[in-house]
Amino acid sequence: MSIEVLLNEFKEIAANPAKQLNDCKAAGKKAIGVLPYFAPEELVYAAGMMPFGIWGSNTKTINRSKEYCATFYCTIAQLALEMLLDGTMDQLDGIITPTICDTLRPMSQNFRVSMGDKMKVIFLAHPQNRAKEYGITFCMKQYGNIRKELEELKGSPISDEAILDAIKVYNKSRAARRKFVKLANEHCDVITPIKRSAVLKASYFMMKDVYTEKLEALNAELEKLPVCNWKGVKVVTSGIICDNPKLLQIFEDNNIAIAADDVAHESRMIRVDAPEEGDPMRALAQQFAMQDYDVLLYDPASEQNRRAEFVAQMVKDSGAQGLVLFMQQFCDPEEMEYPSFKKALDEADIPHIKLGVDQQMRDFGQASTAIQAFADVLSTR
Amino acid sequence: MAETEKTTAAAPAAKPKKEASPATKALRKVVSDVYAAAWTAKEQGRPIGWSSSKFPAEIAETLGLAVVYPENQAAGIAAQHDGERMCQIAEEMGFDADICGYARISLACANGAITTNEGRRVPRPDFVLCCNNICNCMTKWYENIARMNNCPLIMIDVPYNNHVEVDDSYVQYIRGQFDDAIVQLEKISGNKWDEEKFKQVCANANRTAKAWLKVCDYLQYKPAPMSGFDLFNHMADVVTARCKVEAAEAFELLAEELEEHVKNGTSTLPFPEQYRVMFEGIPCWPDLKALFKPLKGNGVNVTAVVYAPAFGFVYDDMDSLCRAYCKAPNSVCIEQGVDWREGICRDNKVDGVLVHYNRSCKPWSGYMAEMQRRFTKDLGVPCAGFDGDQADPRNFNAAQYETRVQGLVEAMEQNKLAKEAKAQ
Ligand code: SF4
Ligand code: SF4
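Chains as they are written, first to last, in the numbering used here: chain A, 1 to 381; chain B, 1001 to 1424.
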């Protein structure tokens, strides 16, 4: 298939998650909503169900969720609840609710209370002290609970083999996405920011084997192309999520390519693979233990500035001239790390801008001005 | 969270200021001593730590380490009206104004800013103790302190709990971290872990907890022998000194004073009690006067605060200690949260609930709306919410607050009349 056809397919899927959900249900598959961050989706896949990513929405407005949420909650969490309350997600058979930030902790209760008997609400608490043996044990226990709940929904056990198989499928999918991110940098004339986002976003609404096959086909086509001689500027993006086509259009309008990303919704979720042998539950816990360089996770070497320096290095390695930080309003973890982040970027002489965003943003005038000015600055470097 | 402050500004008492009672003085001294001990340790070249309010204080105390508590410090700074300035300093450092006010104040201090509240100045830390049972904001906050001061961070992670019961897997996980923390702190302190001393420290903490609960229980009397707001002030002792025998003694002394008041039919509340409410959340420390005014004007006494059950835990060994630290106000499921509150509302016979939607505290406000619905349904009492902030006065609107209190008073009045009519 041609690059264009493949890109269009990804675009369609990313833009119409509801259709994906309908198709999945029509095919007789169960579907599980997976909220951010770090839920072991492999278990859902192993159960023969479809994991369906829920990362808020760029088109909805907060209305019903006001009954549960304080106004100073990020739109990602509020709009996730909104979609569960307004019927958008009615076809789901369950959701998994991780609790890694201060918003998601109590939100897990709102999800459970508001869903009542409507769907299974599967709780997940990750350990922050994750690399020590006690952390791995705790994580295994939490993942074990998820497995049990899914088995209940499935009506039969999930075998270890099925989980090992899922791990392989997911590792392969992550590898394909990592490769795509690199290829997108090399072919940023073809893979524009909007297209790049759609390809990565589609992964949240597809079975990973199907997705990976399609993505590998795209990667193969991209590899055939000569590396592009990009005349515009390149940036690394950072933040929780930046999948709004309108916002990304501003990048395209200003000839800004995305060289790499430190975005939770994109590369932060695919950095680490799980071991492919041994006890699969342990493998999944180990995978979480190996997660690193993330604002959401405790860093045992916190007196250093590892995460920020890691991203600064990423900017250099990717050939970007600067970094654009999408700061989600009311996101404590991101906000808390900003001064350290800025310090590392400044020390590495990497220019950056911080754009305040939320998912109810409809007016991009200010962002447009800021991005344009930033592009001008970068073009002189 | 984690309250505190024993300054005159924090005590919304009547004018002219009455002399504090012996127990109140003793409680204040206990906290002052904690700050003084940190300075002494620094002078003597001993390491000092900064600790989150619900880090297992038993560990540092057993190892004889001097520790201060940034949340207590921030509350004190806010109550002495230096919160806004300190928050702004943090904002200039790049911390967003949406971040918890305590964290902002503390991060300004951690970076060397000096507060005008002299009693709440502390030496820079040589180590930090972080337990995220009350919030995950702690994790990044303390990482930042460690980074700014290039000092080690000892982390006790308490994952959020979806059940009222604490599963054994939580206990094992936390136990593992306790054991590691002990080893790390042995190195920092240069002292060996002493099981006998630990037992004594735990006995002190249990004695403090029991005395604290006893004091809180005096709010069950009608009228109450004290202003429940005082409990917010006394939290300082629970947070900073629960393992010290002096804290237990001071609370026991307070209990005796309250017993006297009950016998004599007197109260420290500077007005007659007409209504009794639960105050949900942390007070707005910078605005205590504004907070107190309409309560006083309408004869409303705060007779219930959730800190009573949330901090009054008693345990008998290391594992039950782990279990106890799992239950912090913001780490428990909604059923536990509701149960704690409804328990004290019933025991302390409240007529209504005043809910502080605290802009600083996302975890605390997270399921508040649902909780409020449950209180109304289960207790049959009216609830009123207001927007405020524990440390940043820019987020508190006195006019809105007064209107909400007024509305609550009217609803309580109607309830009262309806009850009286039914009784006739
Ligand atoms: S955007 Fe931030 S606050 Fe919201 S759910 Fe994600 S990490 Fe939590
Ligand atoms: S976020 Fe809430 S619990 Fe955490 S320190 Fe601030 S006020 Fe306390």
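The hints are simulated quantities; they were obtained by calculation from the structure and are not laboratory data. Here the structure is a predicted model, which means the values were calculated and not measured. You may find that some hints are simply not true.
From the structure, some residues in chain A lie toward chain B, with a derived Cβ separation under 10 Å [claimed, not checked]: (1) Tyr-73; (2) Lys-343; (3) Phe-364; (4) Gly-365.
Built from N, CA and C at the ideal position, the CB exists for glycine as well.
Agreement of hint A/Gly-365 with chain B interface, Cβ distance less than 10 Å = 22 Å, violated
task = With chain B as the partner, please determine if A/Tyr-73 meets the hint condition of a C-beta pair closer than 10 Å.
result = Holds. Min distance 7 Å.
ask   = With a cut-off of 10 Å, does the beta carbon of A/Lys-343 approach a beta carbon of chain B closely enough for the hint to hold?
value = Interface hint status for A/Lys-343: holds (8 Å vs cutoff 10 Å).
key: Evaluation of the interface hint that places A/Phe-364 against chain B, nearest CB under 10 Å   = 21 Å, violated
Taken one by one, the earlier hints fail for this structure at numbers 3 and 4, listed in ascending order.
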